[in-house]
Each structure stands twice: as C-alpha cells, then as structure tokens.
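> When the letters of the sequence shown are read in order and numbered with the UniProt record's numbering, they come out as residues 1 to 98.
Treat the hints as calculated values from the structure; they're not laboratory data. Please read all numbers here as calculations on a predicted model, not as lab measurements. Built from N, CA and C at the ideal position, the CB exists for glycine as well. One or more hints might be untrue.
Claimed, not checked - Here are the in silico distance ranges between beta carbons for each label pair:
#1 Val-5 <-> Glu-85: 18 to 28 angstroms
#2 Pro-53 <-> Ala-83: 45 to 55 angstroms
#3 Leu-94 <-> Thr-60: 18 to 28 angstroms
#4 Ala-47 <-> Val-90: 31 to 41 angstroms
#5 Phe-43 <-> Val-19: 17 to 27 angstroms
#6 Asn-35 <-> Lys-59: 22 to 32 angstroms
#7 Phe-20 <-> Gln-70: 36 to 46 angstroms
#8 Val-90 <-> Cys-41: 12 to 22 angstroms
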Amino acid sequence: MASGVRLYRFTPGFIHSKVFVSDDKVATVGSVNLNSRSFYCDFECGAVLTGVPCIADIKTDILDTLAECQLITEENIIPLTLAEEARAAVMGNLGGMM
Numbered sequence: 001m002a003s004g005v006r007l008y009r010f011t012p013g014f015i016h017s018k019v020f021v022s023d024d025k026v027a028t029v030g031s032v033n034l035n036s037r038s039f040y041c042d043f044e045c046g047a048v049l050t051g052v053p054c055i056a057d058i059k060t061d062i063l064d065t066l067a068e069c070q071l072i073t074e075e076n077i078i079p080l081t082l083a084e085e086a087r088a089a090v091m092g093n094l095g096g097m098m
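Please build the complete structure, drawing on both the sequences and the hints.
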C-alpha cells in the first residue's frame with residue numbers, strides 16, 4: 001500500500017475469475033492464478049485479447065464491480081491471530097512442493 005497499490009474487497013459475494021485490462025488495448029480473462037502451480041501443474045484456462053472491441057466492455061465490468069467493493073486501508077486490516085500466522089508460515093513453506 002505504501003507504494004500505491006490499492007486493494008479492494010468484493011463485499012456482495014465471491015469472485016474467482018482473474019481479469020486484467022492493460023492500457024485499454026490488452027485484456028485477459030480466465031481462471032489462471034499468477035503462480036507456478038497454475039502455470040505448470042493445474043489445468044487452467046485463459047484468453048488474451050488484443051485490439052478487440054470487447055476490451056472496453058471488460059473494463060466497464062471491472063469498474064462496475066469496483067463500485068461494489070470496499071477499499072482496504074491499513075486502518076481496516078484485521079491482524080492475523082498467532083494460529084493464522086503459523087498456518088500461513090507452514091503453507092508458505094509447502095508451496096514449493098505443490
């Protein structure tokens with residue numbers, strides 16, 4: 001957050017899709033997480049779109065969704081419990097095996 005990254009929480013429900021728009025010219029839509037497991041182990045699907053009119057529709061959908069989200073600030077982050085921190089540490093160490 002200190003570097004200008006903004007995080008949002010979608011409060012009406014859950015969104016699993018991964019959608020990006022870059023410079024209004026390129027978009028991706030799919031299920032691929034940005035990690036080694038999704039890239040090399042899992043069966044994921046995604047589309048990269050360039051120079052097509054639907055990129056504007058995708059951007060509009062992203063902005064409409066952001067309007068329903070809560071901006072996360074450092075003030076409203078709930079700290080992890082000790083048990084949650086321990087679990088995260090264990091899972092982080094297992095990440096290379098997955």
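> Hint by hint, note whether the structure agrees.
Consistency of the hints with the structure:
no.: 1; hint: Val-5 <-> Glu-85: 18 to 28 angstroms; in the structure: 22 angstroms, holds
no.: 2; hint: Pro-53 <-> Ala-83: 45 to 55 angstroms; in the structure: 49 angstroms, holds
no.: 3; hint: Leu-94 <-> Thr-60: 18 to 28 angstroms; in the structure: 39 angstroms, violated
no.: 4; hint: Ala-47 <-> Val-90: 31 to 41 angstroms; in the structure: 35 angstroms, holds
no.: 5; hint: Phe-43 <-> Val-19: 17 to 27 angstroms; in the structure: 19 angstroms, holds
no.: 6; hint: Asn-35 <-> Lys-59: 22 to 32 angstroms; in the structure: 25 angstroms, holds
no.: 7; hint: Phe-20 <-> Gln-70: 36 to 46 angstroms; in the structure: 21 angstroms, violated
no.: 8; hint: Val-90 <-> Cys-41: 12 to 22 angstroms; in the structure: 20 angstroms, holds
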